[in-house]
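Participant: The listed protein sequences derive, respectively, from chains H and B. Counting in numbering that gives the first Met the number 0, the first sequence runs from 0 upward without gaps. Counting in numbering that gives the first Met the number 0, the second sequence runs from 0 upward without gaps.
Bear in mind the hints are in silico, worked out from the structure with no lab data behind them. Here a beta-carbon is modelled for each residue, glycine too, at the ideal position from N, C-alpha and C. Warning: the hint list may mix true and false statements.
[Unchecked claim] Just a sample of chain B residues kept apart from chain H, beta carbon distances all over 12 Å, derived:
| id | residue |
| --- | --- |
| 1 | Ala5 |
| 2 | Tyr67 |
| 3 | Ile101 |
| 4 | Gly103 |
| 5 | Asn176 |
| 6 | His182 |
| 7 | Val454 |
[Said to hold, decoys possible] Simulated crosslink set (DSS-like; lysine-lysine; CA at most 30 Å straight-line):
| id | chain 1 | residue 1 | chain 2 | residue 2 |
| --- | --- | --- | --- | --- |
| 8 | B | Lys24 | H | Lys2 |
| 9 | B | Lys152 | H | Lys2 |
| 10 | B | Lys23 | B | Lys152 |
| 11 | B | Lys471 | H | Lys6 |
| 12 | B | Lys23 | H | Lys6 |
| 13 | B | Lys471 | H | Lys2 |
| 14 | B | Lys23 | H | Lys2 |
| 15 | B | Lys477 | H | Lys2 |
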Amino acid sequence: MIKSICKYLIIFLPVLILLVSVNCYADPANILWANGNIAKAVSTSILNGNDTYVLSGNIDEREARKFLVMDMPNDIDCLAVGPSLIMCVSSEMVGTDSFMNLGESGADYYDILNTIGQLDVTDKLPKTMILCVDTLFFDKANLSVYTRWTAQKEYSEYFLQKMTTGSATIINGSINDNNQNNVNIIKQFEQLFSLSYFQSSINYLLKDNTESAERIGVVSESGYDGAFWRADGSYVYTKEYQENSIEKASEYAKLLLDSQDVYLSLNDHIDSECKAVFEQLIDYLQANDVEVIFYLSPYHPIVWDEIETNYQTSLPIELETYISEYANGKNIRIIGAYDPEKAGVDATDFYDGRHMRAESLMEHFDFSVVK
Amino acid sequence: MSLTSAIFLPFFLGALIIFYVLPKKTRWFWLLIISLIFFSWSDGWKTLPYLFYGIVVTYFGARIIQRYESEKKRKTILFLTVFLSLFVLGALKETNFFIHLINGTGGLFGISPGLGMVNIIAPIGISYFTLSLIGYVIDVNRNVCKAQTNILKHALFTCYFPQLISGPILRYGEMENQLFSDHRLDLNNISYGFTRILWGFFKKMVIADRLAILVNTVYGDYTNYPGMYIFIATLCYAFQLYTDFSGCMDIVLGASEAFGIKLPENFKAPFFSERISEFWRRWHITLGLWFKDYLLYPLLKGDFLQGVGQKSKKLFGKKKGKNIPTYLGLSVVWLCVGLWHGGSVKYFFASGILPCVYLISSELLSPFFKRIIEVLKINTECFSYRLFSRFRTLMLMCLCWVFVCAQSFTDGLHVLKSMFTTFNPLILVDNSLFTLGLDQQDIIVVIFGILAVMVVDYMINKEINVRDFLGKQNFAFKCIVVWTQVLFIMFFGIMGASSFIYFQF
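Bound conformation, chain B alone (with noise of 0.2 Å):
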């Protein structure tokens, strides 16, 4: 079942009411069993016991864990817990990978290894709620919170579905309270729920379906459309992805909070980003944030890297040798975020390899472009800086973008190449563009969406709060705004188009 499916809603509502009709010390059961129902319907019911296994291994790592006191042993069965998650889902995700990987290194040899790609099927949402159980066993172990000892309340945390599919990440300390307490009838929540999924189906059905089509077409049949062509495909593919992300997420947080459930955000106007590194805390902040707490710091905190920090300012000298270790644990994390994005290479290259050469470079490099501002006395107070600044992120995106659009990385280089050695800007001002699947009412449509999405993005980024905003507003406003997104959907939203993107993740 699609988020924006035709039965969803419905399902949502049926959902929704009994939810709050039920007496309310068994209302988290209910959830538990719609969220069931919702995967199954999703996914069919023969991926389900991946999802119970990843609850068992980690109902019973996490409890073993909390008996223990020796240090030595809670580490033994937090390694035990974690291999075993991990392995069914290095299994699912990266098996075709890295026999991608071994059949392409022994062809570099004139060897030809000649296996075989397997036709595995991962369950939906499997990298998500693998990280958030590995994120609680880890969390038991550090006595952040404590071991549940209701599985069908862990199996809540683990399958609750309006996050099932493609996130938020959740923090069990976090989700908690709100799962399991008594959930009161709270009639802004509801409101500001529907107001927020509505906001979602709009970015998604109004914009991200419509510049999908746009996008296909050129990478679809990129030798015809080189150039210019290519750079306005990826630069409309950076707005689909987000819009389509963002709004999958919209529809998430939105039905989550209808129930009195607050899920972590996991955007913050990231094309506001200055820098690469900003850019990276804006987008699928969950995503970033778990790995920076539970792979990152405690691969800085370990020996390996205190030592390689020491040895390393011994021979660089204090104030640069200090960065080798950091430089070592992002190219780990990063490496593994492209692992996460799994199953082929253009994805590790552009979710894992190129993001993670743009921190470094960035950071080697920085001292080089103060200089280049300060002897160019350049203002970067200024409104002009900060927009070519956001420009510069996005382009530096848009290069990653690249090959995810691609149909592989041999594709995404000839891509590149073609992106670069055609030079047609004409194409922008003789009626091309409407060549390419949109007419002059979709990118009109498409235009006036964007617009939308930045404005929103431009408070979130002045750290207004969208939710009070509108609360304050009279109610002919909000009627208003409430109309203005329910017409575009209805008369311009894309129907039964495609899932979301990151649901492949």
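Isolated chain H (complex conformation) (with noise of 0.2 Å):
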């Protein structure tokens, strides 16, 4: 009997071992790390003053986001909200040190009620407000392809609710979820014998991801060439892309245009819908003492052209004519323009086909909020 049972154990044990040291080892959705929240370590690092990387990448922004608002303190002054475009924003452009920049990649109408909403339920509405505004805020259409703010639509469902109302509770969402830790411990074991996991394990450690040491770190003065989130939320892309050539970026600019990318909205117009929302989210913020300061990222020389050129009356242009007059008729200050040369930007400025160079932002943008 007991030779037997070695014997299984001779076949079985060697498989079982290769499956949890594999997932376990490569971890690609950071799950066995961190307490099985690198989201929540990630924000906890950066509140504590650190500029902060993970190593795969694989975390959840919006998450990472909602615990930087409901732990960073009551009283910072700034906040920058928005998408990707807004990212690299920092305190350094801003002018002051009381700043956190809270934009998430792709952040569209909902992602923006979700974290304005979190900032509501936590009374952590800022002075001053830096809310870029971008096509995917008013295009209904680009909603049900990127569903990503679901994961915490509650928080959108009460600030709708507070703006209309007056009033709201936060439904099927609490501040501090306790039951975080027990679910994870209990995704975490799954993990560690899972078959599908262990597959995309292998996937992970075939593109050379082989990185195991540290999932989260602080990068040290000597430099960092990955990317990483600064101690103001604020996004510094990798040192390979913010090397990207003139021909490069151009490049980019003419693959997003190929490929239709439901950012550019180029067939769409605003939504009323959301314009209406829109308005009221600018109404409820100035009602309640928040300077709020319109950013518009300029697009991409090549981009624009083809908008100027082939989409006269598409949202992009709608948008800049649109925020022009509503920003002039309740005076509120713009940073930029989409038309590049409005903006005073050309092909040098950019990363890719949309997102502006950090130190081109510093050099053509007044972003500061000192007075």
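These two chains come separately, so use the hints to put the complex back together.
Facilitator: Printed below as a string of structure tokens:
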């Protein structure tokens, strides 16, 4: 009997060891690290004043932003909110240390309402909010394409109700989710033995992502080539991306046009419901003594030329006109412009077809909120 | 709970450990409990009443039959029990088929019955356990076995969990001793059971689910994939269906064997069949045997077909006339098989009508084929002829499966037309096949997998007992066999993909 059991162990134990060790070593979704909640670990590290990196890059940005909002101090003067276009804006550009960048990749209508809903719930609305106004907020067709916001939808639901009725409660959501850790322990255990996770791990390792020492870490003074978040929540792209040549950036711009990316909204128009909510949002913020500043991130000249030539009635053109008029009426300051010529930028100022270089932002725009 | 779901193995392992820890006399009761848990987990509690209905009807039916001596009374109770069992099966599985048929037939005569389809959910495995239960009642009537007096033991025979969802269809006489005897812990059974489960996972997750990608791509958009694409997809479906269903059987038989209960085999290397009739003796064996023993033979021995036989002998002569009752009996059986697969015209046609046409026409045309072979002096005893015969059988079956893969019977006809009216063999060499959802690595994995399955099937075809063969090998060889399978599943298995095809029947 014992001999037979030993034989079984000889057959199955190596397989089990292989499974567990590969899942543990690669862990592409960072499930087995930082108590299963790498998003929380990142936000904590940022709030501790560290420039923070995540090696695999596989992190739920929205979750991290949520923790950032929940755990940050109540008295931050200036916040930046919007999609990735604003993520490079730093405290240095704004001119105050009391600043936090809450931008997140592809933030759309619901993402922005989620973030501001979280700020409202925690009573952390700032004195000044730099809001990156982008087509993503006004294009309802996109909302069904990207559904990343749904994980935190209770905050947008709450905030929409609050803006309309003046009072609301969070449904199905809680500020401090105590069940989070229990769920993660079960999830961690499952993933340790999961065959599908094993396959993801193998794919991850085959892509040369073999780092395993520290999943998250603090960027040392000697520099770091990868992407990371600064202690003010702003984002620094990888050194390789920052060194993209003009040609490379132009290539990205052409690719963006070729792919007819949904972010461009070239065949759409301002959605009336989104517009109404946007105006409601600005009214709400102003009523709560928040000074709102709009930031319009310029398009790459190649992209804008194409928009002006072939999409004269598209959402970007419509939106630039609408925002100028609306901001005038509401006495809101605008930084930048979609039209690169108006904004005074050219092809050398871009990392890719849409994102401006951090140093160009500093050079061309005055984000200063200090009066 | 699918047999390939992440939860099945822990469930099975837990059940197995407790099974052998419990006192021997109570083990059958534990099997009943886990069977009911398995059923509820797989299908929810709502369909449990259908299972209980089948158990109660056949339990009392069999007991009453046994109580009576009179043949007439026994037959009446038998008829009633079978009717009550089939009524529920028919109502759950065939209502929409008949509504479709009535609407269609009405349309032919310009009448619009306008009957709407009914939303009925049949419990999983009802087609399988109903046949097992009917077989049991008939066996009691034939005095092949005695009626079970303990309703809980009868319930275990009905819903024994490994086979509950997709068979094999059980015979009470074969299972009684195994299910209710004291099960001694035998590590060989457990070892072989696990090896077989592993083989089933390999077939299902590495081959069947991978081939399904290609098949679904082509059949989901057949207008854009004509000719050779459809031919390749149908051939792939043949292997998908086989590895899916036989893989499921491997898991079922392996799991059962670990409990010390040997279930009947459902496949015997069907792709090595040289004739259609042989194919059906090797494919879904327990279903074929069930229909043969409980429907075909009673029909042939019945007064009606005996009478038809006598009349046809007079009309067509002794030689030709004697086959007519057999053909009629076969037609009834195949129509029932078609209905059993149920619920739609395409299944009825592909699993009932077409195989029946094949079988009868192959019998009728047999002298003609023999004559051709004689005239052309074809050697039928060589490898190449056997290979040709096997390929011919497979192609005939593929013709049936075209209708199974298509969305509907009408779609099936369009697919066939598209397959035979477009000539595009170049897709085999111009990398077009890589546009069907499988890349080069996938295709290599599939080919390796199919070769492995064919090697095992070759051994089965040669009556080599694979279990004994493996048992005689050195430990290192066994390790390599197990590790190869495990590593293939780990690296190339398609996880959490789909249910087994035969679950739907």
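Participant: Minimum C-beta separation from Ile101 (chain B) to chain H exceeding 12 Å: can you confirm that?
Facilitator: 41 Å, holds
Participant: Is the nearest CB of chain H more than 12 Å from the CB of Gly103 (chain B)?
Facilitator: 38 Å, holds
Participant: Beyond 12 Å from every chain H Cβ: check whether that's true for Asn176 (chain B).
Facilitator: Holds: least Cβ distance 26 Å, greater than 12 Å.
Participant: Does Lys2 (chain H) sit within 30 Å of Lys23 (chain B), going by the straight-line distance between their CA atoms?
Facilitator: 24 Å, holds
Participant: Straight-line Cα separation of Lys24 (chain B) and Lys2 (chain H) no greater than 30 Å?
Facilitator: Measuring from Cα to Cα gives roughly 28 Å; hence the hint holds.
Participant: When you check the alpha-carbon spacing of Lys23 (chain B) and Lys152 (chain B), does it fall within 30 Å?
Facilitator: 15 Å, holds
Participant: Does the claim that His182 (chain B) lies outside the interface with chain H hold up, using a Cβ gap greater than 12 Å?
Facilitator: About 16 Å separates His182 (chain B) from the closest Cβ of chain H, which puts it past 12 Å; holds.
Participant: Within 30 Å, alpha carbon to alpha carbon, are Lys471 (chain B) and Lys2 (chain H)?
Facilitator: 17 Å, holds
Participant: Are Lys152 (chain B) and Lys2 (chain H) close enough, with their CA atoms no more than 30 Å apart?
Facilitator: 36 Å, violated
Participant: For Ala5 (chain B), is the shortest CB-to-CB distance to chain H above 12 Å, so the non-interface label stands?
Facilitator: The claim is violated: Ala5 (chain B) sits with its nearest Cβ about 7 Å from chain H, within 12 Å.
Participant: Can we trust that Val454 (chain B) is non-interface, i.e. its beta-carbon lies farther than 12 Å from all of chain H?
Facilitator: At about 21 Å from chain H, Val454 (chain B) clears the 12 Å cut-off, so the statement holds.
Participant: Would Tyr67 (chain B) pass as off the interface with chain H, using Cβ distances and a cut of 12 Å?
Facilitator: Tyr67 (chain B) clear of chain H: closest Cβ-Cβ about 51 Å, beyond 12 Å.
This entry does not satisfy hints 1 and 9, going by the numbered hints stated previously.
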